[in-house]
Amino acid sequence: MQEIARLAGFFAAHGIWGVSDGATLMPLLGYEQASGDRGMDRFAFDDVGAGAQAGQEALQTNQHGAIRAVLVVDGYLHLPGGRTDALIVDAVQYGPARRSFKMGVPYRPQPSPDGFAVHRPKFIEVVGVDRQDYPALADAFFAGVDSHERAAPVWNAHLDPSI
Numbered sequence: 000m001q002e003i004a005r006l007a008g009f010f011a012a013h014g015i016w017g018v019s020d021g022a023t024l025m026p027l028l029g030y031e032q033a034s035g036d037r038g039m040d041r042f043a044f045d046d047v048g049a050g051a052q053a054g055q056e057a058l059q060t061n062q063h064g065a066i067r068a069v070l071v072v073d074g075y076l077h078l079p080g081g082r083t084d085a086l087i088v089d090a091v092q093y094g095p096a097r098r099s100f101k102m103g104v105p106y107r108p109q110p111s112p113d114g115f116a117v118h119r120p121k122f123i124e125v126v127g128v129d130r131q132d133y134p135a136l137a138d139a140f141f142a143g144v145d146s147h148e149r150a151a152p153v154w155n156a157h158l159d160p161s162i
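Counting from 0, one number per residue, gives the positions in the sequence shown under numbering that gives the first Met the number 0.
Note that these hints are calculated values from the structure, not bench results. A couple of the hints might just be wrong.
[Claimed, not checked] Label pairs and their calculated CB-CB ranges: (1) Asp129 <-> Thr60: 37 to 43 Å; (2) Pro160 <-> Ser34: 22 to 28 Å; (3) Ala33 <-> Asn155: 27 to 33 Å; (4) Asp20 <-> Gln59: 28 to 34 Å; (5) Pro95 <-> Asp20: 39 to 45 Å; (6) Gln52 <-> Phe122: 30 to 36 Å.
[Said to hold, decoys possible] In silico EDC-like pairs for lysine to aspartate or glutamate, Cα to Cα no more than 16 Å straight-line: (7) Lys121 <-> Asp138; (8) Lys101 <-> Asp113; (9) Lys121 <-> Asp159; (10) Lys101 <-> Asp20.
Virtual Cβ for every residue (Gly too), placed ideally from N, Cα, C.
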């Protein structure tokens with residue numbers, strides 16, 4: 000499961016890099032083949048919701064025959080402080096023992112008076128992983144974030160763990 004967490008971290012970082020300048024993220028699907036080769040599709044629709052739905056269908060049907068894939072969409076989380084902008088990261092490890100997790104990466108948009116910020120990711124749903132393994136999953140996720148050469152510096156420079 001750590002491989003999917005690393006892949007999720009890499010593509011979540013890519014998404015954070017995309018929204019750091021105030022843009023809305025086009026839904027993206029990152030995937031990894033058994034060979035280790037990676038690919039990425041973007042779902043550019045006039046309606047962002049339609050793009051997210053097309054991405055969700057691609058994730059569920061495994062259109063690339065990948066061993067793992069991650070869908071990242073721009074959305075919201077409802078946290079104790081209210082509705083918060085967030086990237087929603089939906090990760091799947093395909094196979095007979097399919098495992099998955101969904102997390103939200105809250106962020107403060109660039110146009111905010113306080114400027115852009117990235118907050119601590121939150122697990123939303125985890126299937127096939129025991130709760131005591133969450134810390135290892137989180138460590139692998141952050142290793143994936145750090146592996147993105149161009150996005151990791153943006154993430155780390157704007158990290159605000161207050162949320």
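We went through each hint and held it up to the structure:
1. Between aspartate 129 and threonine 60 the Cβ separation comes to about 28 Å, which falls outside the hinted range of 37 to 43 Å.
2. At roughly 37 Å, the beta carbons of proline 160 and serine 34 sit outside the given window of 22 to 28 Å.
3. A hinted range of 27 to 33 Å for the beta carbons of alanine 33 and asparagine 155 is consistent with their spacing of about 31 Å.
4. Remark: the range hint 28 to 34 Å for aspartate 20 to glutamine 59 is upheld by a beta-carbon distance near 31 Å.
5. Taking the beta carbon of each, proline 95 and aspartate 20 are about 42 Å apart, inside 39 to 45 Å as hinted.
6. Distance hint for glutamine 52 and phenylalanine 122: a CB-CB separation of about 23 Å, inconsistent with the stated range 30 to 36 Å.
7. Among the hinted pairs, lysine 121 with aspartate 138 is consistent with the structure: their alpha-carbon atoms are about 13 Å apart, no more than 16 Å.
8. As the CA atoms of lysine 101 and aspartate 113 are separated by approximately 28 Å, the hinted pair breaks the 16 Å bound.
9. Between lysine 121 and aspartate 159 the CA atoms are separated by roughly 14 Å; this keeps the pair inside 16 Å, and the hint holds.
10. Taking the CA atoms of lysine 101 and aspartate 20, the gap is near 25 Å; set against the 16 Å cutoff, the hint is violated.
Hint violations for this structure: numbers 1, 2, 6, 8, 10, all remaining hints satisfied.
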